[in-house]
Each structure stands twice: as C-alpha cells, then as structure tokens.
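Assemble the complex: chain Y is given as a structure, and chain X must be docked to it using the hints.
These protein sequence lines are chains Y and X, in that order.
First residue of the first sequence? That's 1 in the UniProt record's numbering, and the numbers climb one at a time after it.
First residue of the second sequence? That's 1 in the UniProt record's numbering, and the numbers climb one at a time after it.
A few of these clues could be false.
Repeated chains share a single entry, so a pair holds when one copy, or any two copies, can fit it.
To be verified - Pairs of lysine-lysine residues, derived as DSS-like cross-links and limited to a Cα-Cα distance of at most 25 Å, are as follows:
| hint | residue 1 | residue 2 |
| --- | --- | --- |
| 1 | K325 | K81 |
| 2 | K252 | K17 |
| 3 | K5 | K252 |
| 4 | K162 | K135 |
| 5 | K162 | K5 |
| 6 | K256 | K17 |
| 7 | K152 | K281 |
| 8 | K250 | K5 |
| 9 | K5 | K192 |
| 10 | K17 | K250 |
| 11 | K256 | K5 |
Rather than coming from a laboratory, the hints here were simulated on the basis of the structure.
Protein chains: 2
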Amino acid sequence: MNLSKRITGMQESPIRKLVPYAQAAKAKGKHVYHLNIGQPDIETPSSFMESIRNFDEKVLAYSLSQGMPELIDSIINYYKKYDMEYEQDEILITNGGSEALLFAIIAIADTEDEILVPEPFYTNYNGFSSAVDVKVSPITCKAEDGFHLPSKKSIEEAINPKTRAILLSNPGNPTGVVYTKEEIEMLAELAKEYNLFIIADEVYREFVYDGLEYTSFGNIEGIQDRVIIIDSVSKRYSACGARIGSIASKNKELMKQILKLCQGRLCVPTLEQVGSVELYKTSEEYFTLVNEEYQKRRDIVYTALNNIPGVLCKKPTGAFYVVAKLPVDDAEKFVIWMLNDFDVDNSTVMLAPAEGFYATPGLGKDEARIAYILNENDLTASMDLLKKALESYPNRTL
Amino acid sequence: MNLSKRITGMQESPIRKLVPYAQAAKAKGKHVYHLNIGQPDIETPSSFMESIRNFDEKVLAYSLSQGMPELIDSIINYYKKYDMEYEQDEILITNGGSEALLFAIIAIADTEDEILVPEPFYTNYNGFSSAVDVKVSPITCKAEDGFHLPSKKSIEEAINPKTRAILLSNPGNPTGVVYTKEEIEMLAELAKEYNLFIIADEVYREFVYDGLEYTSFGNIEGIQDRVIIIDSVSKRYSACGARIGSIASKNKELMKQILKLCQGRLCVPTLEQVGSVELYKTSEEYFTLVNEEYQKRRDIVYTALNNIPGVLCKKPTGAFYVVAKLPVDDAEKFVIWMLNDFDVDNSTVMLAPAEGFYATPGLGKDEARIAYILNENDLTASMDLLKKALESYPNRTL
Numbered sequence: 001m002n003l004s005k006r007i008t009g010m011q012e013s014p015i016r017k018l019v020p021y022a023q024a025a026k027a028k029g030k031h032v033y034h035l036n037i038g039q040p041d042i043e044t045p046s047s048f049m050e051s052i053r054n055f056d057e058k059v060l061a062y063s064l065s066q067g068m069p070e071l072i073d074s075i076i077n078y079y080k081k082y083d084m085e086y087e088q089d090e091i092l093i094t095n096g097g098s099e100a101l102l103f104a105i106i107a108i109a110d111t112e113d114e115i116l117v118p119e120p121f122y123t124n125y126n127g128f129s130s131a132v133d134v135k136v137s138p139i140t141c142k143a144e145d146g147f148h149l150p151s152k153k154s155i156e157e158a159i160n161p162k163t164r165a166i167l168l169s170n171p172g173n174p175t176g177v178v179y180t181k182e183e184i185e186m187l188a189e190l191a192k193e194y195n196l197f198i199i200a201d202e203v204y205r206e207f208v209y210d211g212l213e214y215t216s217f218g219n220i221e222g223i224q225d226r227v228i229i230i231d232s233v234s235k236r237y238s239a240c241g242a243r244i245g246s247i248a249s250k251n252k253e254l255m256k257q258i259l260k261l262c263q264g265r266l267c268v269p270t271l272e273q274v275g276s277v278e279l280y281k282t283s284e285e286y287f288t289l290v291n292e293e294y295q296k297r298r299d300i301v302y303t304a305l306n307n308i309p310g311v312l313c314k315k316p317t318g319a320f321y322v323v324a325k326l327p328v329d330d331a332e333k334f335v336i337w338m339l340n341d342f343d344v345d346n347s348t349v350m351l352a353p354a355e356g357f358y359a360t361p362g363l364g365k366d367e368a369r370i371a372y373i374l375n376e377n378d379l380t381a382s383m384d385l386l387k388k389a390l391e392s393y394p395n396r397t398l
Numbered sequence: 001m002n003l004s005k006r007i008t009g010m011q012e013s014p015i016r017k018l019v020p021y022a023q024a025a026k027a028k029g030k031h032v033y034h035l036n037i038g039q040p041d042i043e044t045p046s047s048f049m050e051s052i053r054n055f056d057e058k059v060l061a062y063s064l065s066q067g068m069p070e071l072i073d074s075i076i077n078y079y080k081k082y083d084m085e086y087e088q089d090e091i092l093i094t095n096g097g098s099e100a101l102l103f104a105i106i107a108i109a110d111t112e113d114e115i116l117v118p119e120p121f122y123t124n125y126n127g128f129s130s131a132v133d134v135k136v137s138p139i140t141c142k143a144e145d146g147f148h149l150p151s152k153k154s155i156e157e158a159i160n161p162k163t164r165a166i167l168l169s170n171p172g173n174p175t176g177v178v179y180t181k182e183e184i185e186m187l188a189e190l191a192k193e194y195n196l197f198i199i200a201d202e203v204y205r206e207f208v209y210d211g212l213e214y215t216s217f218g219n220i221e222g223i224q225d226r227v228i229i230i231d232s233v234s235k236r237y238s239a240c241g242a243r244i245g246s247i248a249s250k251n252k253e254l255m256k257q258i259l260k261l262c263q264g265r266l267c268v269p270t271l272e273q274v275g276s277v278e279l280y281k282t283s284e285e286y287f288t289l290v291n292e293e294y295q296k297r298r299d300i301v302y303t304a305l306n307n308i309p310g311v312l313c314k315k316p317t318g319a320f321y322v323v324a325k326l327p328v329d330d331a332e333k334f335v336i337w338m339l340n341d342f343d344v345d346n347s348t349v350m351l352a353p354a355e356g357f358y359a360t361p362g363l364g365k366d367e368a369r370i371a372y373i374l375n376e377n378d379l380t381a382s383m384d385l386l387k388k389a390l391e392s393y394p395n396r397t398l
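Chain Y on its own, in the form it takes in the complex:
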C-alpha cells in the first residue's frame, strides 16, 4: 500500500511551506506584510458578481466540456485586440491556468519526456510535470542579466531527443522579466528547428511597464501550429478565486485531443464562466489604471532594493514580481528568521525564498521573490523592514 513515487517525489510548494511560521508569528500578535504571495489587492470588476447574481436557472446543470460558447466568444474578442485570431474550436475553457498547463503537458509529453523551462520558473510547472512523470529541463537565467535568456547555443545544448516543448511565462513569474521580440523569435526558431511545441503562459500579458513593447507568441508567424497559449482571469481581472483559465491553439488536432481531457472532467463551473464572460469585456481603461498602480509599486520596490547595500536587482518590467539577490547565507533561513526573531514595532515582512523556483540544485539559495501586491504605504513600510532586517540578520554575508 505504497504511495506513488511521482507524488512522494513531488516538490512541496516553496511558497506555501513557510506558512506555519507566518501563522506562529501572527499568533504572537506580530503584523506580517505578505510579499510572498501573488494575491493582488485590486478589486475584482463588479460586473463579475453582478452577472452571477442574475443567474436564475432552477437546475445548475453541466455546461459544455469545452466551455460556454459565450465565454469563448468573449475571449475571441479579447484576443482580437492583440491581433490574435481564434475560432470557437481553437479555445478551451479550463479550471484556471493550472488545469490548462496540466492538460497541455499531458497532451504533448509522455512519461520520461522533457520540457525546457527557463529558470527560475513558476514552481507549479515542476509540480504538474512530475505529477505526470514528465521532466522539467531548466534553462538557467541570471539575476545579473535581469533574468533574460542565455544565448541560443546554450539553450540548444539542453535539447535532446526527449525534448517535446519549451514552456515559459511572459511576463515572467517569479522574475518580472518581459522577453524582447528577439528572444521570442529566437525561441520560435528553436521550436521550428527542433520540432518542439511552445507552451506560452501569458497570464500577465497586460502587466508590462515603462511603455515597453510586448510580443506574444500568438503574433509570431509560421509557428502557430506549435503554439499553445495559456490564459487566466486570475491576475488579469484580480479574480484569482474564480479559477477560470483557457488554452488557445491553432493546432486543431491538438485541441481535439485536449477536448478528450476536458470531457473526462465533464465541465468547468457554470457560474464562474457566466461571470468571466463579463470580465473579458472589461474596458481598456481598467488596465491603464491598474498598470499605473503597479508601475508605481514596482518603482517603490525597485528603488528601495537598490538602496539596500549588497542587494542585486535589475529593474523588472512586467507582472508584479521581482527576484532579488540578498546578502544572506540562505534566503529561506532569512525569511524564517524574519518571522520568528525579527520585528520593528511588532511588524515584519514575508518574502518567498527563490530556491524552489529553480530545478538546478543549489541555485537561488540567496534569492527571494517579492510580490508587489500591497498598497504604496504598506510596500514602503515593508521595504523599510526588509532593509532593517538585512542590517541585523546574524548570517548576512556583507
């Protein structure tokens, strides 16, 4: 009666495993600023709940496995704004971006196949892959390069006959990197040359700052049969609890096969789809306001980090994260120390140690992810706490 190797070998969430320390700190009356999680504080557009409150079917029935046609239409219209043209059977609605990723991985990789992923990466890429016996093969990116991609040649060295796809988030979680058009085109070239799929997690598509140009894989010509776009309402509309994601691809055979997985789990919740139809109609103005807010926060965090001696952090340009190198022996120990042994006026701050975002053992040990999802005052206070903590941490390396 043994448990499976794939589940016992699966990495525990590096973000969630320190939660007990935060709970203990709070139990002692300490205030904890949470910069460790990606839960935005922005209000969900009210259209979501309004449309759900108006739902009045007597029987809450199964919806279609592929998703509600109205929601797919709403997403088709959303993509049009980005010059991406999809038909009804080229989009599938999923239980969050999470299920979209899991289904994409199952569809393109068998047991022992490999998927290339730039590291540090969204930790669940590894989780989903190991759950279905697929191996994540890392492309190491460095804080010193602002986590941009290494050379084409060094990526090619990681490709072997078992490699099936390149999976990446752009803008990047946890790094906040926005890949340049040249980087996207280089990956597209690799996909063609080595016959790979590209799983493009673009759930942060709108979160790009400094007026930077954003290049979606959905806009690259000549590779659309190998591109799988992952999207979600979670961050885009601050509706993380809705769990509505999607897969889009022009590869109709792929979509037909993934539909079998969708049929297996019958359907996605009806009400959340009803609400998401409206979310995808949210005006452009919403993003302008939200982006202004995040850009301000990014500036606060970036400026503060660069004023702390020994911290290395290139300016992130997207999403709402940054990975910083800290002058500490071990970022996990440091985070635990901040929760257990440190406070200023009974307040402390929590970050996510970055080691769990790497597949290469040993990397990221002195790095942490900071999510700038609090208001300006709280962020300023948090950065001040971080500075003071780094000054008094007994195992600092400066």
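What follows is chain X alone, placed relative to chain Y:
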C-alpha cells in the same frame, strides 16, 4: 511535434461521441428524449444560489488549497450522519469528483501500475487512468447477475504485483447495482490480503431504493488507512455545474501528499464552495422526496424494459441508471439508427451504448445505459419509443 501517446490513445467519451447525431436529428426538427446522460432534472436546493448572491467580498481571492474550512466542516457533519468520523485534515475539496479521482489515481499509482475496476464502469475511470499512464484492469460483471461481483477467486486472478488499488462506484454508474455488505467485505478482505487501496466512488450514496441497506467503505473496520472516499455535490444535490467534489481518507500521509497536488492547482472556486456549504446542510426530507421520485422512475423503466421481448435487465437498486441487454447486433449502430432513421410522431430517444463502459474488448456490444432522469410522462413516452424502435430495427437479433 507529435502529440503524446497517452492522449492519442485515450478513449473518446462514448457518451459524448454520438452527440453530433443527436444534433443532426434536432436540426431536422425531431424531438430527442435524452436518456443518454446523467444530468438530473431535479431542482438544485435554492440555498446554493442564495448564499452565493450574498457573497460581497471586493476581491475574489484565492481560497485555501485544501478547501474552505466551513465547507470541510459541513462535509464532516454530513458524514457523521453515516457514522463516518473525519477530521479537518482528512478531507480535501476538489474540482468535482473528477479531480478527486484523478488525484487519488496519481497518488497511489505510478506509470504502468494497475487498478482493478469492476466493468462495466464509469468510462472516465479509464480516461483519467490513461491520461497518467495507469492501466485499468477489469473485473467483468454480467447483466445476468444484475452486475454483482464475481467470486473472490476470480477477482484474485486479476491481481498481480502491479495492482495498486480497487476502484469502484457504489451505487454503480452505469449499472445501478448496489453492492451487498458481503461484497463490500469481500473487497475489503482482498485489499488487506493483497495490500491494496480502495478508491470508493460513493457519489450516489443516497440513491438506494427498495429500503435496501447501503454499506459504505467508510464503515468497514480495520481498513480505514487504505480507503479513499470520493464524493461530489453533483448528483447528491442536483448541482452538476458546481463542480465541487471531495476526497476523504483516514490515511493522513496520503492526504498530506494529495495536498501537494491541491496546492499545485492553487484552489477550487470560492463561490461554488460558499454555495456548497449550504448544500451539505440540506435536510433529510429532501432525499426522501428525491428518492421517491427516482424509485418511481426506476419502476417505470424496469417494468417497461421487461415487457420488451428479448431485453434482459435485472432490477437495478441504486443511482439512476440501468444497463440493459438489447436484442440488437450492435447497440451503437442501434442508437445511431434511432437518431437518423427512426421516429414516432417526429420523436425519438437516445441511449448510451455500453461498449465504452467495458475495458475488455467486445463486451457490452449489445448493451446500453439508460439514465432515468426525466419526469414520468417523458420516461413512459421514451420507453414506448424504445419498444417500437426495437420492433422495427432492421438488425435486431430476435
């Protein structure tokens, strides 16, 4: 850029693949009575939507990966009525019973491992298993025996070193069988003797007729560390579109491991959980009324089937399905013929051919599943249509 073998080799839903024929029939103006799907027409308790309409958080945030504590409490209280005692960390909320099944399979079986399943079975057992490279090993049950289990000895013959678990639904989908206490105890013995898990899909627990005693695996002593109970609000409260399921097990290490999968997909939708807290408080009276209704329907279908020459069908005692042996060459051809070429006063009926519910090739070819999920008048009309169709079907075997 090949698709994975596991997805291309995955069986297409036998229930959904005939939908295009039904759509074509309807396009020609034909009325189709749908007895092919398990979508009940019973009203969802109004408490579900009422509690959701009162939800007024400004940010629809992630909920806990394990599920909302209030919902887990509500389920703990529900189980108490059946003398099943669970603690908070012994229940996990999932995206429907579907995700509960998938997670249970991943947790107890590696690639190439096997799971024993009485056939005919709920077709998605096979789908979930092949998606993660686990093999379904069938225990064949027969219409002549009312789909009760074969002897212990013949089940033992199907067990080998790769066997990890016995998976079954009780009451049974698609057969409507309710296993006797002796059958449940026999499986429990086998699980102990061969060191197996039991994945008990008990989503139809309340749907037991004729005053029959129901035995849950949650009530069998001495095996609770190897029992995994799957539940769902879908059929229980006619809330299929909510997609709220659960896993319950006294095996704390197993639950700790499955929690990693829950954390990987972050959480289950918040609103649907809020509504389900109330569903699990629904009064006993609700089940009494619903059961009376289903028992009446079962009687209509069972009596009608036994009045059709050449049909074999033992009395089903649970769920809302029956698998009948029909006097036809091929039930799938027959169903397509009823949709394409048959009508009485422009009406026809749709069943689910049963071959797809078997893993053993060739079995179930002359069987179909009938879901009695329509009101009495529609059911009576449907059975009349079925009788006439069987009289005029050109490839009948009588």
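Here is what the structure says about each hint:
1. K325 x K81: neither (37 Å within a copy, 55 Å between copies)
2. K252 x K17: Classified as between; 17 Å across copies, 40 Å inside a copy.
3. K5 x K252: Between copies, since 17 Å is at most 25 Å while 34 Å is not.
4. K162 x K135: both (10 Å within a copy, 23 Å between copies)
5. K162 x K5: both (21 Å within a copy, 14 Å between copies)
6. K256 x K17: Cα proximity of K256 and K17: across copies only (12 Å, versus 38 Å in one copy).
7. K152 x K281: For K152 and K281, neither the intra-copy (39 Å) nor the inter-copy (59 Å) Cα distance is at most 25 Å.
8. K250 x K5: between (35 Å within a copy, 20 Å between copies)
9. K5 x K192: between (34 Å within a copy, 21 Å between copies)
10. K17 x K250: between (38 Å within a copy, 22 Å between copies)
11. K256 x K5: So K256 and K5 pass the 25 Å test across copies only (14 Å; inside, 31 Å).
In the structure shown, a violation is registered for the earlier hints numbered 1, 7, in ascending order.
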